[in-house]
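Colleague: So you can see what is in the structure, the chains are spelled out below.
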Amino acid sequence: MKKLVMLAMAMVLLLLAACSSDDSKAAGAEKAIEYPKQPIELIVPFAPGGSTDIGARILEKHLSKYLPGAQVVVVNKPGGSGTIAMSDLYNSKPDGYTLSLATHRATAMQPLYGKVKYGHDSFQPIAKVFGNQQVLVVRGDSQWKTFDEWLKYVKANPDEFTFAVSGGIGSGSHLPMAELEKLAGIKVKPVPFEGTPPAITALLGGHIQGAVLQPSDVKEMIESGELRAIFNAASVPVPYFPEVPLLIDKGYDIAYDSNTSLLAPKGVPQEIVEMLQEAVKKTMEDPEVIAEFEKVNLQIQLGDAAVVQKELDEENAKSKVILKELGLIE
Amino acid sequence: MNSVKPSVWAGIIILCLGIVSLLMSLQYTYSGMVGPGPGFFPVWLSGIIIVLAIWYILESIKGKNVSAQDWPTGQSLKQILFIIMSLISYFILFLLVGFLLAAIIFLAILFYREYKWYVTVSLSVGITLFIYVMFNTVLKVHLPSGGILF
Amino acid sequence: MMDSFFLLLQGFETALTWQNILFCFVGVMLGMIIGVLPGLGPVSGTALLIPITFGMEPVTAIIMLSGIFYGSMYGGTITSVLVNVPGEAASVITCIDGYEMTKQGRAGAALGVSAIGSFIGGIVAVVALTFLGPLLSGVALKFGPPEFFAIMMLGMLMIVALMGKSLVRGLIAAFVGLLLSMIGQDLVSGEYRFTFNSMELMDGIDFAVMAMGLFGISEILLNAENPTKIKNAGKVKGLLPRRDEWGATSKAIGRGTGIGMLLGVIPGANSIIASTFSYILEKKVAKDPSRFGKGAIEGVAGPETANNAHSGAALIPLLSLGLPSSPTMAVILGAFIMHGLTPGPALFTKNPDFVWGLIASMFIGNLMLLILNLPLVGTWAKIAMIPYKLLFPIILMVILVGTYSLNGSVWDVAMMLFFGLVGYVLKKLDIPMSAMIVTFILGSQLESSLLQSLSISTEGFMIFFTRPISAVIMFIAITVFALSIYSGIKNKRGQLAADVEM
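These protein sequences, in sequence, are chains D, X and C.
Here full-length UniProt numbering is used: the first sequence runs in plain steps of one and ends on residue 330.
Here full-length UniProt numbering is used: the second sequence runs in plain steps of one and ends on residue 150.
Here full-length UniProt numbering is used: the third sequence runs in plain steps of one and ends on residue 502.
By construction, these hints were calculated from the structure, which means they are not laboratory data.
Bear in mind the structure is a predicted one, so any value in this text is a computation, not a measurement.
Among the hints, a few may not be true.
[To be verified] Which residues of chain D face chain C? A partial, calculated answer using Cβ under 8 Å:
#, residue
1, 48
2, 53
3, 76
4, 80
5, 87
6, 156
7, 158
8, 162
9, 168
10, 197
11, 207
12, 295
[Unchecked claim] Think about it this way: if two alpha-carbon atoms lie no more than 30 Å apart in a straight line, the pair counts; the simulated DSSO-like pairs of lysine-lysine are:
#, chain 1, residue 1, chain 2, residue 2
13, D, 115, D, 310
14, X, 64, C, 284
15, C, 427, X, 78
16, X, 78, C, 103
17, C, 350, D, 219
18, D, 295, C, 103
19, X, 116, C, 284
20, C, 294, C, 251
21, D, 295, D, 282
22, D, 117, D, 320
23, C, 251, X, 64
24, C, 251, X, 62
25, D, 152, C, 142
26, D, 281, D, 65
27, C, 287, C, 427
28, C, 142, D, 187
29, D, 145, C, 142
30, C, 287, X, 64
31, X, 116, C, 103
32, D, 189, C, 142
33, D, 219, C, 142
34, C, 389, X, 78
35, C, 294, X, 64
36, X, 62, C, 427
37, X, 5, C, 294
38, X, 5, C, 427
39, C, 350, D, 145
40, D, 310, D, 320
Backbone N, C-alpha and C fix where the C-beta goes; we use that ideal spot for every residue, glycine too.
For reference, chain D alone in the conformation it holds in the complex (with noise of 0.2 Å):
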């Protein structure tokens, strides 16, 4: 029975390791409503190590400070570019036990390809929680270095550009271009990839010679010139590198942000809502909680219920019209 000995050695060994992790959770908490009895479900629609999972797990660690006896799980289901979340999200009871943390656009962009349940306007917002902006970037070393050079390139050498987007044609990381492509008459060739790190890859090995990213993605790269931001398709600049043009400034009607919202299915119990949206603003207001976004180069953007609706409208009623455009929806 040697087995049982190291099989209850090594239970030993894990309950060691999981009581290293104790949050010293506070128990005792004053029971108005009985909320939350159980832990909070909060799902990420994408894979871990990614920004919106971080900002989840950061999340995760505080959100009990000020919502006394909550456990907040983080449950990653990624796939679908962020739509099998949502659609659990859109199937899940509405008792505040399932949340979240969803990009505007798996929320708003994706149901218009008319292969989800759920709409634009189906869920309910808790708060805007970060925000994050979109640029190109060419290696530090090659001919480019303003977006006029690149323009004046791009214009002469049509179909010979070549940038990734993450996350395929049509996606999010695509259309800022795409819409580029109309309004500055110039044709460039998209190359998809799964995600940013291969984008990456590919194009530090000179393979590819741009990709449209989040700029919290490469920012040591850019600091360190290995790579060189050439626009910013946002509607704000980066905080740490305003000098990146956007392209409004350049003349040009294109402004895709990138912003991330804690979202609950429609029909949670209003005081329950209420208590989360009071509970995530304390919790986004905390210095704590601040550092730790600053740190992964997640800006914190707190919004109302009422602003990420807003958004959600606005970026679903302008997606709509550009994958018409592009062809790629009717």
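Since the structure of chain D is provided, determine the placement of chains X and C on it from the hints.
Modeller: Chains X and C alone, transformed into the frame defined by chain D:
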């Protein structure tokens, strides 16, 4: 049973698989923005599978592809069906009453024929609880303790 | 080089503090347990345990997480060898000869040789990481989509060409595997293929679901047929290879180390490619290839070494370029960022104590795995001696729970059971399942790298032949395949493929 060889049947099933997937593949766009579209690979793959299936059937008719393995009959067949049935019943019970009961019953079914009842009960309960604790508390994978019924 | 050596010594100072040693130990131990449990692989294991590291120092956290990673790579081997359930993708190949050895009562030797091979592979990879890391990573960037496509073509064609008794059965398995990998959302167009409008299929079939069904469940059904035939292996005959096997085994370990390391450095090359290449190479160089599939010890030693050398080397692109080469590496990258560290060239200069501490801890961790495992091998191997009537319900139970734990989905469980039946039938028909699962794993990457190559290319398909690296690989691939078709037509497969069931 001996009139048609099992491998011929298998070939026919693979052929059907190929045909169904070919029909489905034809609905996807064959060429897309960057050259081959979403239909390109599936069409070719299903086409090749169809050809391979026909090749396989022909070879099998000629008496090749005879496996060294016998197909189960009598007692062995019963054994296999017994295990399959217990797996299916675990699955249904899991949905109905959750992990704990389903697992105990499943293990008990399999142990019962080999062990005395009290050994069966203690083994089933012990193993189930061990797995439950291990997954729920240590690995933080939540196994449902209740199902549709309660 | 000398610099690296001194920095490494400093790294040992970091790694040898008591809490770092403790958590390195906890990490490899947890990793082993995760690897042993079917379903939970390195990816879900590291992701699940990230929260545990929250309160820790960054160095300690990363030391523990990488311990989990390589520990689980080793743990995956244990179940492959003992009960024919691959714990993670790279162990699929180990099942072939490892489980055969267990049936012959040589589980101890199979596990022992895996432990030694893993140790050597792991350590050599870490040494390479220490001294050649930045250099190697520059070369690795030369591998773009066309080169990936060529490597994967080579891998697949070799598998089809060199395995199974019949070409047609190998091809069927390979193509069905490819077709199954198409299920889900298409990367390029976003179109959903073969999903029958079900949510569950939108993301495709999980590798673990397929592997546990095809290998684990089918094996138990096969055994159930003939309860009298399953004798317990009797005594565990030693933990080490027989004296006459030493030469071949050590050579296999050497070759496995090389293959694993080279492929590990390339960001994006899957570890299963490393173990497959190693297996095929061992079979090619063996004096008597017919032993493969019947418990050849080189068939365990080579791929296992390659797999672990790969996982060690995979840290090279992560640390020196900031590029994860596998999903597990992506999780670890996330952990880096969460602890405020950004991998990349700057990491070596900005946080040298961290980098070298981690590298030093990998020496320690690998040593721990070896010390832990050599005595444990006997204990693990005794699992094979547990009466089968007690063992098989437990295996089934763990497989069932393991499948559920992947995504908390009963659909996965149903799917896994279905693959169990399919696997049983395939075994009866002698259709090689390993070919199916390898092509299944590589399928989507094969498609995406082809599409990427074509969009980069200005000359269509010729891109594979105009770029030197991919041209060479393609040439080898085509030669291998042509030879196998030739010998298939002449019906002299025996020569090339021997009598191997894979």
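Colleague: Determine for every hint whether it applies to the structure shown.
Modeller: Hint by hint, here is what the structure shows:
Checking residue 48 of chain D against chain C: minimum C-beta separation of about 4 Å stays under 8 Å; hint holds. Contact between residue 53 of chain D and chain C, as hinted, is supported at the beta carbon level, the nearest pair being about 6 Å apart and thus within 8 Å. Proximity of residue 76 of chain D to chain C holds as hinted, the smallest CB-CB distance being about 7 Å (cut-off 8 Å). Restraint check, residue 80 of chain D versus chain C: the minimum CB separation of about 5 Å is within 8 Å; hint holds.
Interface restraint check: residue 87 of chain D against chain C, minimum CB-CB distance 6 Å, threshold 8 Å, status holds. The criterion of a C-beta within 8 Å of any C-beta in chain C is not met by residue 156 of chain D, whose closest approach is roughly 16 Å, and the hint is violated. At its closest, the beta carbon of residue 158 of chain D sits 13 Å from a beta carbon of chain C; the interface hint therefore is violated under the 8 Å criterion. A hinted interface residue such as residue 162 of chain D counts as satisfied when its beta carbon comes closer than 8 Å to some beta carbon of chain C; here the least separation is about 6 Å, so the hint holds.
With a cut of 8 Å, the hint placing residue 168 of chain D at the interface with chain C holds, because the nearest CB-to-CB distance is about 5 Å. Against a cut-off of 8 Å between C-beta atoms, the interface hint on residue 197 of chain D holds, since the closest Cβ of chain C lies about 5 Å away. With a cut of 8 Å, the hint placing residue 207 of chain D at the interface with chain C holds, because the nearest CB-to-CB distance is about 3 Å. Checking residue 295 of chain D against chain C by beta carbon gives a least distance of about 4 Å; that is within 8 Å, so the hint holds.
A threshold of 30 Å between alpha carbons decides the hint, and for residue 115 of chain D with residue 310 of chain D the separation of about 23 Å falls inside it, so the pair holds. Under the criterion of a C-alpha separation no larger than 30 Å, the hint pairing residue 64 of chain X with residue 284 of chain C is consistent with the structure, at around 26 Å. Taken as a hint, the residue 427 of chain C and residue 78 of chain X pair is honoured in the structure, with Cα atoms around 19 Å apart against an allowance of 30 Å. Taken as a hint, the residue 78 of chain X and residue 103 of chain C pair is honoured in the structure, with Cα atoms around 24 Å apart against an allowance of 30 Å.
Proposed proximity of residue 350 of chain C and residue 219 of chain D is supported: the alpha carbons are some 15 Å apart, at most 30 Å. As the CA atoms of residue 295 of chain D and residue 103 of chain C are separated by approximately 53 Å, the hinted pair breaks the 30 Å bound. Between the alpha carbons of residue 116 of chain X and residue 284 of chain C the distance comes to roughly 52 Å, so the proposed pair goes past 30 Å and is violated. The hinted pair formed by residue 294 of chain C and residue 251 of chain C meets the criterion: a straight-line CA distance of about 19 Å does not exceed 30 Å.
Between the alpha carbons of residue 295 of chain D and residue 282 of chain D the distance comes to roughly 19 Å, so the proposed pair stays at or under 30 Å and holds. About 17 Å separates the Cα atoms of residue 117 of chain D and residue 320 of chain D, which keeps this hinted pair within 30 Å; it holds. With a C-alpha separation of about 38 Å, the suggested pairing of residue 251 of chain C with residue 64 of chain X is violated against the 30 Å cut-off. Only pairs whose Cα atoms come within 30 Å are accepted, and residue 251 of chain C paired with residue 62 of chain X is rejected, the gap being roughly 43 Å.
With a C-alpha separation of about 29 Å, the suggested pair residue 152 of chain D and residue 142 of chain C falls inside the 30 Å cut-off, and the hint holds. Between residue 281 of chain D and residue 65 of chain D the alpha-carbon distance is near 12 Å, which keeps this suggested pair within the 30 Å criterion. Distance hint between residue 287 of chain C and residue 427 of chain C is fulfilled; the C-alpha atoms sit about 27 Å from each other, no more than 30 Å. With a CA separation close to 27 Å, the supplied pair residue 142 of chain C and residue 187 of chain D stays within the 30 Å bound.
A threshold of 30 Å between alpha carbons decides the hint, and for residue 145 of chain D with residue 142 of chain C the separation of about 24 Å falls inside it, so the pair holds. For the given pair, residue 287 of chain C sits about 28 Å from residue 64 of chain X by alpha-carbon distance, which is consistent with the 30 Å threshold. Between residue 116 of chain X and residue 103 of chain C the alpha-carbon distance is near 28 Å, which keeps this suggested pair within the 30 Å criterion. In summary, the hint linking residue 189 of chain D to residue 142 of chain C is supported, as the alpha carbons are separated by about 21 Å, within the 30 Å threshold.
Restraint check for residue 219 of chain D and residue 142 of chain C: the C-alpha separation of about 23 Å stays at or below 30 Å, so the hint holds. Of the pairs offered as hints, the one joining residue 389 of chain C and residue 78 of chain X holds, with about 16 Å between alpha carbons and a cut-off of 30 Å not exceeded. Among the hinted pairs, residue 294 of chain C with residue 64 of chain X is consistent with the structure: their alpha-carbon atoms are about 22 Å apart, no more than 30 Å. For the given pair, residue 62 of chain X sits about 21 Å from residue 427 of chain C by alpha-carbon distance, which is consistent with the 30 Å threshold.
At roughly 27 Å between alpha-carbon atoms, residue 5 of chain X and residue 294 of chain C fall within 30 Å of each other, so this suggested pair holds. For the given pair, residue 5 of chain X sits about 15 Å from residue 427 of chain C by alpha-carbon distance, which is consistent with the 30 Å threshold. Proposed proximity of residue 350 of chain C and residue 145 of chain D is supported: the alpha carbons are some 27 Å apart, at most 30 Å. Proposed proximity of residue 310 of chain D and residue 320 of chain D is supported: the alpha carbons are some 15 Å apart, at most 30 Å.
When each numbered hint is compared with the structure, violations occur for hints 6, 7, 18, 19, 23, 24.
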